[in-house]
Structures are given as C-alpha cells and as structure tokens.
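**Q** Following the hints, complete the assembly by docking chains B and C onto the known chain A.
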Amino acid sequence: MRRIRSSVGAAALLSLGACNRHQSALSVFGEEAATVRHLTIVMLIGAVIIAAGVAGLMIAAVRAPEGRLTLSGGMRMVGWLGGVLPVVVLLALLLYSLPSMRPLPVGANDLRIAVQGEQFWWRVRYQPPGSPPLLTANEIRIPVGRTVQFDLTAGDVIHSFWIPGLAGKMDMIPGRTNRLVVRATKVGVFRGVCTEFCGLSHALMAFDVVAMEPAAFDAWLANERRPAAPAAGTAPGAQAFAANGCAGCHAIAGTPAAGLIGPDLTHIGSRASLGAGTTRMTREALVRFIKDAPSVKPGARMPAYPQLSREDAQAIAAYLESLK
Amino acid sequence: MKRGFHGMVARLKVTLWSLIVPPTVWAVHFLFSYLWAAIHCAKVGGFPRLPILYAVGTVAALAIILAAGIVAHLQSRVPGDPAPHEESTDSDRIRFLAFSTVLLAALSFVGVVFTAAPVLFLTDCR
Amino acid sequence: MSLHAQDDPALRAAQEERLRAVWKAPQGIFLRWTDCNNNRVGAWYTLTAFGFMLFAGVLALIMRTQLAVPDNDLVSANSFNQLFTLHGSMMMFLFAVPMFEAVSIILLPQLLGARDLPFPRLSAFGYWSFLIGGIFVGGSIFFNAAPDGGWFMYPPLTTRTDLSGLGADIWMLGLSFIEVSSVAAAVELIVGVLKCRPPGMRLNLMPLYAWYILVVAVMILFAFPPLIAGDILFEMERLLNWPFFDVTRGGDPLLWQHLFWIFGHPEVYIVFLPSIALFAMMIPTFAQRHLLGYPWIVLAAVGTAFLSFGLWVHHMFATGLPKISLAFFSAASEAVAIPTGIQIFAFIATLWAGKVKWSTPLLYASGSLAIFVIGGLTGVMVAIAPFDWQAHDTYFVVAHLHYVLIGGTLLPLFGGLYYYWPLITGKKLSDKLGRTAFWMLFVGANLTFFPMHFSGLYGMPRRVFTYPSELGIDYLNLASTMGAYLFALGTLVVCIDLARSPWRPKAVRNPWHAGTLEWLAHPDDEDWGIRSVPLIESRYPIWDQKDFVKKVDEGRFFLPDAEEGRRETIVTTVLDARPLYVVRLGTPSWVPMLTAIALGSVFILTTYHLYWWSLAGAVATLGFVLYWLWTGTAEIPEKPSKPIGHGIELPLYVSGSAAPGWWAMFITMMADATAFSGLVFGYYFFWTVHPEFPPSGPGMDGPGTFWPMVSLGVALLSWGATVGARGTNRRGGVGVARALLVVGIVASLAGIWTGLQGPLTTGLDPELHSYPAIVWTLVIWTTAHAGVGAIMQAYALARSIAGRMTPTHDADIRNITVYQHFMALTAIVTYATIGLFPGVA
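Residue numbers (the working numbering), protein chains in the order written: chain A, 1 to 324; chain B, 1 to 126; chain C, 1 to 841.
I should point out that these hints are in silico values taken from the structure, not numbers from a laboratory. A few of these clues could be false.
Derived coverage of chain C by chain B (criterion: at least 3 residues anywhere in the stretch with Cβ under 8 Å from a Cβ of chain B; other residues may be distant) [claimed, not checked]:
no. : region
1   : 178-186
2   : 296-302
3   : 353-360
4   : 526-539
Selected chain B positions facing chain C (in silico; Cβ < 10 Å) [what the hints assert, rightly or not]:
no. : residue
5   : 19
6   : 23
7   : 24
8   : 26
9   : 38
10  : 39
11  : 42
12  : 47
13  : 50
14  : 66
15  : 88
16  : 93
17  : 100
18  : 115
19  : 116
20  : 124
These numbers were taken from a predicted model, which means no experiment stands behind them. Cβ coordinates follow ideal geometry from the N, Cα and C atoms, glycine included.
If we strip away everything but chain A, and leave its shape as in the complex, we get:
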C-alpha cells in the first residue's frame, strides 16, 4: 500500500506543470496503464540512482591520484561493478517485468470492440455479447470496471492504436487482427491517437475516449442503436446531403445513406470532435470540413467541394449537428 502511495506521489511530481490529463501515460484510468506507470516509476528511480552513481565514479576517477587503483583492484572493479552488478540488476528487472506482460484474461461474455484504422480515421464496431454489432466512428466509449477486448485491424496501411491513460499501444496491421484487452478504472473523457506513421495526416488522427459507469454505458449503447433522428427544420440539409452524393461514402442509419467508405455519421452530432479528433465539433468547423476537407486534413480521402454553395454547406452542417 505504501508502495502504491509513494508511486502516486512520484507520478504527481512527474506531471507537475503539465495540464494534460486526458492523453498522458502518467494520468491513468486503466489497469494496464497503472501497472506500466508503476513500472516506469520503479525504473526511473533506478535509472537516476545508476546515472548518479556512474557520474560520481567518473568524477572520482578523474580526481584520483595516479596509482590509487592497482591493476588487480581495477580488474575487480570492472568485474564486480561492470559485470556482476548489471547482471543481477537486469535479471531482477526482467523477472519483475515478465509477469506484467501477461494480458488480462478475457471471457466469452466480455464486450468486444472492433476498431479498424483507416487513413486517417477510425472505424468502430461494438460487439456486445448476445446482441447484434453496432457501427460508429472516431469515438470510443467503454464501461468502467468491465473487461473490454479491442480487435484491431487496418483497412489500408499500418496504424497504431494508443490510449495512453488506458493501456499500451497496439499496431493495426493489414491482414492481421491484434487483440488488446483493457479494463478502465475511472470515469472521464480521454483521448487516443495513432502512433504509427500512416501518411500525410498521421498527426491529425486521434479519437475521443469516454469511460462511463456501466449502467450509463448500457443506456448509451441502447440509444446509439436507434436510427438517426434529425431535428425539425433540417430537411434542406438532408436534401443537400443526398443531392451532393454524400451518401456514396457515408452511412446514416434510418436514412438511405449507407456508404461504407467514410466514417459512419449516424450520431455525429453527439461526438465531441470532428475529423478524428482534429477540431472541436462546431458549426463553423463542420462547414469548413464539408467544403474543403483536404485543407483541414492533408491527404484525406474526402475531396474538396468548391462548387458547393455556402448555404448548402451550412444546411448540411446543421443537419449533421442535429444527429444526436
């Protein structure tokens, strides 16, 4: 217990001055990340001691008068400090770290979330045990205290799935399905990012992570299954959406739009950010993205629509914003 408390203290010291609490390996909200943070602190303390020790020895060595150390004394120093001590320390560290490589156990009744990396966004599919899958994009919600397995794949190139506060990263590689098992411990809104260089907008490929109480999560999931319910007065936007061929790439459940090339937009209005974590979800941002996505995200597959009128773009944005 004291060990944990001291490590928390050291972590607080480390994050001193940093205001970021939602995308940091040091402010954790998952069991895996907590284990690694503990390991980090142990190793950091060890590293500081060793670095200081070596520096001290260097200074002493330079200052020592000639002949202070005999040949056999020197050889003993090389053997014990350079040979035996590192072997012992490193073996201890290895044996200490190996058990934490074991993944969390996962059962058939645990929630599985399939996430597929795309240039430059995330295709998300919830697969709760015993109910049909649910498709969404660019936001991940997980229940606190329950085991969740992510099945990670890639649609085009290699990406890497990293939610620093929750667990270590796992690559998304075409042709493979990698598994990452996590358990959140704290409610809150966090952020994940792509950490494998994947092209022009690699830097703009992030997502929001919301850890919820289990009951709230179940309610959210049920709500998410409902088809889109556009607000009154957004019909012009829906028409413009259809007229400009947006449905060729995007799906909105409950409407004819069923494209699978781009992100699912069924409940886009309820997401906190736009363009896979690129900007806040505002009307202005939506308009800009609709009219000229490549200027917001270089290399994005969605083309610019210079011919689209500002009114139409505004209308589509209003329509999308209302999809909650």
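**A** Frame of chain A; chains B and C shown alone:
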C-alpha cells in the same frame, strides 16, 4: 588421468573461431527459442504444459557453453606468471584468447539464462 | 640489408626519395581525383560524411522550428514528412556508418603500421559510390521528391504506388547503392585488420580500435545484407507488382519489418562501437597508462556484436506477436546492456588508476559518456516490453535514441576530431573554441532531448508535423527547439574552429604523448604512410619499445625501400602476425570512379524506370570490373621474392587463404549468403503466416520437383568441375584444367536454363500471390549467381590462356572456387526449398 585431460585440452588450439563458440551457441539457442515459439504459435496454436524440447535445448546450450568455458579456463592458466600478459609471445597470445573465451562463455551463459527466463512466466500464445 | 646499412644517411635519403616517388599523389585538377591513397580518400570520405551530417542537421532544425509552437504551419505536412525521413536516413546511412568507415580508412593503416589498406582502389570505389548515392538521395528534397515514409519505410504505405511516389524508389535504390559501398568498405577493413598487421602484432597486441573495427565490419557483413534482401523484395513489389507485402495477395507487411530491423538494430551498435573505439584510444593516452582490462573490452565488443542480432523484435513490440516471442527479445535487449557496462567501467578504472591529463578530447569523451549513460538507461527501460507499449513511437523514444546517438556517436566523433586533428593535419585545434563548443553542444543536447522524455509520456507521438495546444506540452517543445538551436550553434563553433585551422602553426609530433602506432605520423606529412614497417612487442610501442620512433624513422625495421618502384605493404598471418608475403598495392586509376559511376547509373536509372539504359549501365559496370581485375589483380611478379630487411625474404605472390584476395572473396560471399538467407527467411516466413502453404490453384502449383532437382545436379556439376580444375591446375594439368573450366561454364549456363524451367513450365504467376513471387525470387537469385559464376569461370579460363594464371600462380581459380562453394550451397538451399519443401509441408 588429470594429466591426460590437461594434455588433451592443451592440444585444442584456441583461435578466433574457438573464441566465438560460446556466443554462437547463444545465438543458435536464441534462434531456437524464437523458432520454437513462432512455429508452435503459428502452426500448433499453443505450447505443451511441460516444454521438454525447450528444456533439453536450453540445457544442451548451457552445457556446451560451460564446456567451452572450462576448456578455455584450463588453457588460460599458466602457473607462476602474474598479469599483465601483454607480451608478443605464443603463450600470451594463447592466454589472451583463452581468457577472452572464458569471459565470452560467462556472458553467453548469462545470455542463455536471460533468454530462457520468459518460458517460466508466459505459457500461452497471446 | 643489415641493420648496419641503415646507418648511412645517404642510403636513407635515397630510399626516401624512391618511396616518395612511388607514393607521389597524382597532380592536376582532374588527375588528383584518381588518387586511391588511404590518407587522401579517407579525408574526402570524412569531409563528405561531415557535410551530409550538417545537411541532415539543418533538416532537423527546420523540423524543430515547425514544432516550436503548437498548430504551426511553417512547413506543410508533406514537407515535414520528407524532412524527418531524410534526416533519419541521412544521419544513419550517409553520416554514421560512412563516417566510421571514413575515419577507419584514415586511421587503420597508421594503427597497423601498414603503408595502406590491402585494396586502395576498393576504398576509392566505395567513396565514389557513397558520394553519388548520397547526392542522389539527399538532393531529392530540392525537387520535392524526397522519400517521405519514415526512415524505416514500412509497407504498405510505401509500397502502394497510389500512396507513395518516386521518393520510395529513391530511398530503396539510392540507399541500396550506398549499402553496397558500405559492404565494400567492410571487406576492406576486415582484411586490413586480419592480414595487414605489422610483424609481431599478435591478436593480443592489436590496438583496441582495430578490434572494434574488426567486430563492426563483421557486423556490417551480417546486418546490411538482410536489408538488401528486403530492398530487393520491396522494389520487386513496387516495380513489378510482386505481392510480398500486399495482404490481399498473400503478402505480409511484417516481413519487411523483420528484415529491416534485423539490419536496423545491429546498425545502432555498428554506429556506436566505433565511437567507443575512439574512447579506447583516447583514454589510455590521457590516463598515461595501458588500458585496464584489454580482454574485457574485446569480450564486450564481440559479445555486443552477437547480442545485437537478438534484439530486432524490440522495435516490433507493439505488432501483436505472441508475448513469449516478445519476451525473448526483451531478455536479450536487457542482456546487451551487460557488455556495454563492462566497457564503461573499464574506462573508469583506467582513468582511476592513471594520472589524468585533462584536455579537450577528454572533456568530449566524459561528456558524451554522461549523455550515453542516460540513453543507455532509457534503453534498458524501453527494452521492457510493457513499458515500451507506452513509450514506443512517442517522443520518449526520440529522446532515447538521440541520447544514445549523440552520446554514443556524434560527441565522441567530435572528441575524436579534436584528438586526431593533429594526426591528420599536423595542427592542433583551439582548446578555447573546442571547450566553448563542447558546453554549447552538451547543454544544447540535454535541453533538446531531455524534455522529450516527458512530451512522449504526455502522449506526443513521433513523426507528427504538428500537435494540439491542449496536450500541455507547448513549453516542453519550445525548450527542445531552443536546445536544438544551441546545439546547432555549438556545431557552428566547431566548424569555425576547423575553418581557422589552415592558419595555425604546425604542432609538435605526437602532441598528446600517446603510445600507439598511429602517432608515428609526422606533422610534415609523407604519403608513404610509414617509413618502415616495425616489429611490434607491446600494445603501446611508442611508450614501451626502446628508441621506437627513431628506429622507424631511420628505416631500421622492415621494408624501408621501394627498389622496384612499386607500392607495397607486408601481409602477415591472422593469429600471430608472422610475415607471409609482400603485397603490391593498387595505384591511382580512373577505374574505381568509372565503376562507381556505371554502377550508380544502374540504380539511378532504374529509379526512373529507364530499364534499357540501366541494363547498359550494368554491362558497363561488368566491363569496368573485368578490366579492373584483369589489369590490377593477381599480377605475376617479375621475381618470386624480395628481401624486406633483417635477412627475411618474402614471396611476392601467394594464393589461397594466405592472400588478401581470397579473404575478400570469402568475406564478400559471407555477405552474399546472408542476403540470400534473408530471402529464404521470406519463404519460410510466408509458410508460418499462411495456414495453407504452398497455396493451390492455377498459377500457384509449382515449381514441381523434377526441374529443381535437375538444376541442383547441374549446379553441383559446375561446382565439381571448378574444384577439379583448381586441383589439376595446381598439379600442372593446365589442359585438363581448361577443359574442366569449359565444362563448368557450360554447366553454369545450363543451370540458368534448367533453373528457370521449374517455375516456367508449371506456370507460376508471380503477380498472383506471395508464394509464386518468392519462388521466382529464389530462382532468379540462384540463376543470376550461376550467370556470375559462368563469367568467373570464363575469366579464369581466359587468364589461363593469356598466361596470367599458371600452376604456381593460381590465385584466380582459387578465388573463384570459393565463389563456387557458396554457389553450390545457394543451389542446394534454393532447390531443396522450392523442390522438396512443398512435399513436406
């Protein structure tokens, strides 16, 4: 008997090739470990409860390294000639190579122990 | 000639006159570039690598400027991706590795008391290749065509032609070309260390720098070829659409990662060990005593070399491999820290035992050790897989690798610059500027990279062209940028110091009072390398051997003369450095440069898909190489032997394993076999990733057993004929030997035809699936080698007919027999794999 053994050891020549026997054994064991795990996971889907093949391979590697180390140790000892051994003589050259082999054997032995440690902790293919 | 004769000053002056004439550098604006003396080529090499380092440093500075503030738009994402790709690639391939080779080309002959390295023209060839390839790769950024896939170029981002452009080809082909020159330099250095040591310098007396160079060059031999194999597969996919990494057709992107990192991790030690080697030379000098624990250092170097090949998967900890596989690599990554620790403590103990003379080079050495220790410790941290899952591909790793490379490569090189500048130019650099620069570099490096540990843990991924302000890492990034500018200023101060050097007075000879051979160099440089090749009785002959410098200078040791007007040095045995023979060295020539240009054109023209032109380049390359070999190697001397002094008479011609040429062939073929094993690894790798392998279906059933077995038989016939020709030639049966060579040529050519029949008759379609693609690749590799084998056999035949190869002078056929041994091995592995394995699997 001992004399005969010593004579036999002395006749084994230390060269650059014998110097790299212990680390080569480490490398072979390492490759063996990697292939053992990769093929079991890709083609079988798991490991036997008691990895006898792996244990035999590891013990064999340790034994060869130990043997190379002992032979080199016996060659590196010439009574009544204190260090340093830095002359341009046959015996100093042999002693240098033999002693370096001893050190490499020690490192390789530790290396094999390090490599084998995970098998005690991780028992499935996840 | 007796010792007595050297007492005559007139004789000495005459000898010096002859030596000077023989070693005279070519003059004139154009001719001077035909030089191949290691002093000159090494200096060009060093300067060029230094220039590329400055260029790549400027690229980094632009990146740091972009990242100084969040959401910056100084450079576009496209430019930024080119910047970081080129920065990493150039620092690794155009600075770190070539710099070590360049420094070694300068230092090694001096350290070994040799007049030059055994293959001076090969050094020149390596340099010109490096220069051409370097300009090709580095210059691409000015055309907005630089590679932009990151320095490890992961497919499918880089193999899909819709997602990547010319840059990927420039990277692959340009750097492959440079890898070839690196392997060439490695061959040169290995043979130099093993065969060109002075008499008496047994293995236990070798300067530690030479030990490290031997180890590192051997590492290059085993590390670079897997990358060359990867490059081949990569370009086959890009240019020919053979799906090695395309999962829709049975490929796997992870194969590239394996091949890349089998190269990439040893690479780290390849660039680190030479710098440690500089420490091993400097520290005894400034402690004024022998280095403590010589065998321990050798252990550490050899041990590191081996262990470093068991680390590659620690760059792939997050790829989802089974945890137990990761754990093996984690364990080896921990173990590799042990030999590193031993080296550091050997240095500390030496300083402790000795009388430390504080100096600028020692300041650099201790400062870089301090930085390196931090990088090493974070290295131990990232070797622990669970920690790496957090730190991998974040700025933590950026911090770690720069601590290692600045502490372990760059600052030691600057220290080496201050230490060895008097050796190369005869002048000392300024202590004042040197120390000012050191503190700027030291503070700058820490200010740049220490905050990155935290920006990484706070969630900043690598290779991002911008970051949002909400991450709360603005001030960390700003600090890094300020540090980068400070570091750049420090480098500028070093450059100013170097630029002022021509106006400084000459220093005294051996200004640091060092004990090792290289300090025999005189401030008024002579091109002959060393006045006479000494007899070595100590690790620090200048300190320990009586009147050593005087005896060398007065030509009282071996080979003090050049009576026949030839460039010469002594070749000795590997273990005990007993004199074996006197080798005649290559003289200035256009051929190395022309060969480099021709070979470079093959790679560069292929980049632009100008295949016919590049074929013409290949033919030209072959022509130049044959001319080079015919006129410049295995020359039958005018007399069988010559005296080298002290009553020792040495032969002027040897063949087989006594000769450097045989070693060069053997070593080159080791590298060749390693590249081949990379391709074979590909075959079995695909077997492990596919439940059904080989797959079945039209275009994928093949190549059968019949043709592979016939091809194997034919290859073994060619091998047997060559071995037989070697034996009969030696016994005087020249006619039979020639007939056997003809049989060998026919068998080799037939081997090409039969080899291709297997996949051809069964209709294997390489664009369909990775299986037919890898089978085709193995077959093409093997038949291409059969073709080269035929050329070699024809060459030996021609040499025999021309009277340049006789029963007593048979180096040519002995060397091509080495090739045929490896060729037979290649054929056995290829044909057994493609012909028999499908039946087993």
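**Q** Counting residues of the region 296-302 of chain C with a beta carbon closer than 8 Å to any beta carbon of chain B, are there 3 or more?
**A** Coverage by chain B holds here, the residue count being 4 at a Cβ distance below 8 Å.
**Q** Would you settle whether the hint for residue 26 of chain B is holds or violated, based on the nearest Cβ-Cβ distance to chain C being less than 10 Å?
**A** holds (6 Å)
**Q** With 10 Å as the cut and Cβ atoms as the points, is residue 24 of chain B at the interface with chain C?
**A** holds (7 Å)
**Q** Answer holds if the nearest beta-carbon of chain C is closer than 10 Å to that of residue 93 of chain B; otherwise answer violated.
**A** holds (4 Å)
**Q** How does the region 178-186 of chain C fare against chain B when you require at least three residues with a CB closer than 8 Å, holds or violated?
**A** violated (count 0)
**Q** Taking the least C-beta to C-beta distance, is residue 100 of chain B closer than 10 Å to chain C?
**A** Because about 4 Å separates residue 100 of chain B from the closest Cβ in chain C, which is inside the 10 Å limit, the hint holds.
**Q** Would the hint on residue 38 of chain B be counted as holding, given a Cβ-Cβ threshold of 10 Å to chain C?
**A** holds (6 Å)
**Q** Please verify the coverage claim for the region 526-539 of chain C: does it have three or more residues whose C-beta sits within 8 Å of some C-beta in chain B?
**A** Coverage by chain B holds here, the residue count being 4 at a Cβ distance below 8 Å.
**Q** Please check whether residue 47 of chain B passes as an interface residue: C-beta within 10 Å of a C-beta belonging to chain C.
**A** Because about 8 Å separates residue 47 of chain B from the closest Cβ in chain C, which is inside the 10 Å limit, the hint holds.
**Q** Identify whether the interface hint at residue 19 of chain B stands, where standing means a beta carbon of chain C within less than 10 Å of its own.
**A** holds (7 Å)
**Q** Does residue 115 of chain B meet its interface restraint, that is, does its C-beta lie within less than 10 Å of any C-beta in chain C?
**A** holds (5 Å)
**Q** Holds or violated: residue 66 of chain B as interface residue toward chain C, Cβ cutoff 10 Å?
**A** Hint on residue 66 of chain B: violated, closest Cβ of chain C at ~17 Å, above 10 Å.
Hint compliance for this structure: hints 1, 3, 13, 14 are broken, all remaining hints hold.
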